[in-house]
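Top to bottom, those sequences are chains L and C.
1 is the number of the first residue of the first sequence in my numbering; add one for each residue after it.
1 is the number of the first residue of the second sequence in my numbering; add one for each residue after it.
FYI, nobody ran anything at the bench for these hints, they're computed from the structure.
Bear in mind the structure is a predicted one, so any value in this text is a computation, not a measurement.
It is possible that part of the hints are untrue.
Claimed, not checked - Here are the simulated lysine to any residue pairs, SDA-like style, with alpha carbons at most 20 Å apart:
{"id": "1", "chain 1": "L", "residue 1": "54", "chain 2": "C", "residue 2": "73"}
{"id": "2", "chain 1": "L", "residue 1": "88", "chain 2": "L", "residue 2": "43"}
{"id": "3", "chain 1": "L", "residue 1": "169", "chain 2": "C", "residue 2": "11"}
{"id": "4", "chain 1": "C", "residue 1": "145", "chain 2": "C", "residue 2": "133"}
{"id": "5", "chain 1": "L", "residue 1": "169", "chain 2": "C", "residue 2": "73"}
{"id": "6", "chain 1": "L", "residue 1": "169", "chain 2": "C", "residue 2": "18"}
{"id": "7", "chain 1": "C", "residue 1": "149", "chain 2": "C", "residue 2": "160"}
{"id": "8", "chain 1": "L", "residue 1": "74", "chain 2": "L", "residue 2": "181"}
{"id": "9", "chain 1": "L", "residue 1": "128", "chain 2": "C", "residue 2": "68"}
{"id": "10", "chain 1": "L", "residue 1": "169", "chain 2": "L", "residue 2": "159"}
{"id": "11", "chain 1": "L", "residue 1": "169", "chain 2": "C", "residue 2": "59"}
{"id": "12", "chain 1": "L", "residue 1": "67", "chain 2": "L", "residue 2": "162"}
{"id": "13", "chain 1": "L", "residue 1": "74", "chain 2": "L", "residue 2": "163"}
{"id": "14", "chain 1": "L", "residue 1": "128", "chain 2": "C", "residue 2": "44"}
{"id": "15", "chain 1": "L", "residue 1": "54", "chain 2": "C", "residue 2": "72"}
{"id": "16", "chain 1": "L", "residue 1": "54", "chain 2": "L", "residue 2": "12"}
{"id": "17", "chain 1": "L", "residue 1": "169", "chain 2": "C", "residue 2": "133"}
{"id": "18", "chain 1": "L", "residue 1": "169", "chain 2": "C", "residue 2": "54"}
{"id": "19", "chain 1": "L", "residue 1": "169", "chain 2": "L", "residue 2": "181"}
{"id": "20", "chain 1": "L", "residue 1": "169", "chain 2": "C", "residue 2": "72"}
{"id": "21", "chain 1": "L", "residue 1": "169", "chain 2": "C", "residue 2": "9"}
{"id": "22", "chain 1": "L", "residue 1": "67", "chain 2": "L", "residue 2": "153"}
{"id": "23", "chain 1": "L", "residue 1": "54", "chain 2": "C", "residue 2": "68"}
As the list claims (entries may be wrong) - Selected chain L positions facing chain C (in silico; Cβ < 8 Å):
{"id": "24", "residue": "12"}
{"id": "25", "residue": "16"}
{"id": "26", "residue": "20"}
{"id": "27", "residue": "32"}
{"id": "28", "residue": "35"}
{"id": "29", "residue": "44"}
{"id": "30", "residue": "56"}
{"id": "31", "residue": "122"}
{"id": "32", "residue": "125"}
{"id": "33", "residue": "130"}
{"id": "34", "residue": "148"}
{"id": "35", "residue": "167"}
{"id": "36", "residue": "171"}
{"id": "37", "residue": "173"}
{"id": "38", "residue": "183"}
Where is the CB? At the ideal position from N, CA and C, for every residue including glycine.
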Amino acid sequence: MNDDQDLVRRALRGDQGAFEMIVRRYQQPVLNYVGRMVRERELALDISQDVFLKVYAGLRSYRPQYKFSTWLFKVASNYMIDYWRKKKIATQSLDHGFDDGEDCPPIQVAADEPSVARQYELRELRGKLEAAIAELPPALRELFVWRHVNGLSYEEMAEIKGIPVGTVKNRVFLAKEMLKTILEGKP
Amino acid sequence: MSCLTSGLIPERIYAYLDGEMEEAEMRALEAHLASCPACREAVAARRRIAEAAESLPSFEVPDGFAASVMARIGPKAARKPLMRRPRAWAAGAAGLALAGAGWVLLTGRSFSDVVLDASRFLWGNVQGLATLAAKSYSYATLAVKVLGKLADQVLEGFKVLSSFIGPEVQIACLCVALVLAAAGLALWRHKLGVERNHEKP
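Chain C with its partners taken away, still in its complex shape (with noise of 0.2 Å):
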């Protein structure tokens, strides 16, 4: 085996250090070394790096730091869904019990003129909102009557320009608006797909 530092690639050191070497290789070397003080010591410098490396002192971690992610996590994340949780529901329920029966004490009314008002103020509320459908609706056409006038005219708009433009150019314009969308679009998912493999191993 030739020198270690005269030839011999540090690879092999390292090599023989994680033990991956072959076991007549091995021998060899064990062999060279034994007899050649300078591989020798190339050899143990590397080993001396690898044991220091490995004995390298943790970063003490504070106490309540797992607890710190938690809070900056939040309880909101973890949340079921309303539907999920029948405790939330009974306490909601036995909150508006509650109210209501401290209405009935400090007003001094009965249960049934309770009930009545209660009624009256959701009916009041039905209405209300009935109204705002309504006029919600009526809004709604009349947004969808101006975008059709607005969208006729930009019809009439292209059609007036292609009476001035001959059949050849409006074909070109079509093919490079045409490569201009496919290369957005293909830009866009190559995007999306960068971010999502962002975090995949």
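Just chain L, same shape as in the assembly (with noise of 0.2 Å):
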């Protein structure tokens, strides 16, 4: 988005209000995404904080060659990498093979339900996913969150990781398997 990279350069001249336009219009997909890593109100807005913090006192290393907000998710991906190297949670590798859960009972979905039902259905079922979100290792579930909760690309993604194309949609499709197995498991 040009406007993102005038903003930047006005940022970068002194103007403070330049780079709170780009905290208002990037707030939202940064909570939301990592509020689905921390699963923690607080800790989430505190984090967001951060992370901007983190992008203004970056700012002059940003390339304007790049999207300004896979530049901004990457930072954000790097502040969460080293939250999780500093609360030691181990990260489960991705090389390992899945079990795709065929012995699970699959969820029952009827084609033509009546309406109302289906959304009661789909209100049951995103509850159950914001749990089976939070089973996901971070690295799956990072990726499940663009891809679903905040919209990027796989090309996207794919830079934002600096790893290829193909290796995201691997690693999504991974997640999504894994998490119709806990739904599926879930009562």
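Work from the hints to combine the two standalone chains into their complex.
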């Protein structure tokens, strides 16, 4: 977004109003991402603030040839990596195979349900999904949230993480299958 | 097309749901779905999860969030250099003029007396600074002399040491020292590079 580049330029010239506009523009996507990574509202707010401070401090290292939102999510992602490291949360290897859980009973879905019932079911599923997302390993959770909550493209995610697009697709697929298995295991 | 639940991998279901499937393959899959309730169910289950994920509620951002971030950044970071702030210069000059006028009024002295006092005060400070500079210079000269002597002693020590150690050992020691220095430099550069790349996409 060229508007972002303009705001960054103004912020670099010392215009704090411009940086405040950047914060206002990205506070919701950053909080949605961080919130689903840590699942604690107050902690998510603190971390999101820290992320914006890091963005401000590192604004000079931002290269305009990249999309600003991609760079911002990279800063946020690096912050989260440091956070997990400090918390000493073991990151699960992504190379191992994954049991696709075909033994579990499938979620029962009828194609043409009445709208109200469907809405109710969707609401219930959302609640279960929030809990299931929290059970994903951080590396997979991050990609799933970027794809399905933040709406990032596979290409953007690949650029943020510095890995091939195919790898990102595989990991998102793995996350979705894991979620399916977790949901099927829940009463 | 083989049955999804008995062989066709879920990757194809996601490719179908993401609209990344070839037209012909998609038509074949849809034809299969029309006749296979198990596959219909497998697709529908994954679609519902994707729908639920995309409609997850946003975390509520408090009204003062951006203001809190800006408060933590503080006004200092955005402050322009003094040279580029004519208002600050004007305010400073006006303040000095006001202070001078106030002093004249309060003490009842003439303006020329005040100017004379100010110049005496300034001259006294200049003299003090000159003395300080001269002392600093003499200390710096002394430090250079001491360091020079120390370097001479170290050099002498090396000479004495080299008379005991053979030339092969000297060369080996030099090589080890160079390798250690190069490794240290490379490690430092790598660390710096990692820190810099940390924020770059």
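Does the structure break any of the earlier hints, and which numbers would those be?
Checked against the structure, the hints that fail are numbers 5, 8, 9, 11, 17, 20, 24, 35, 36, while the rest are satisfied.
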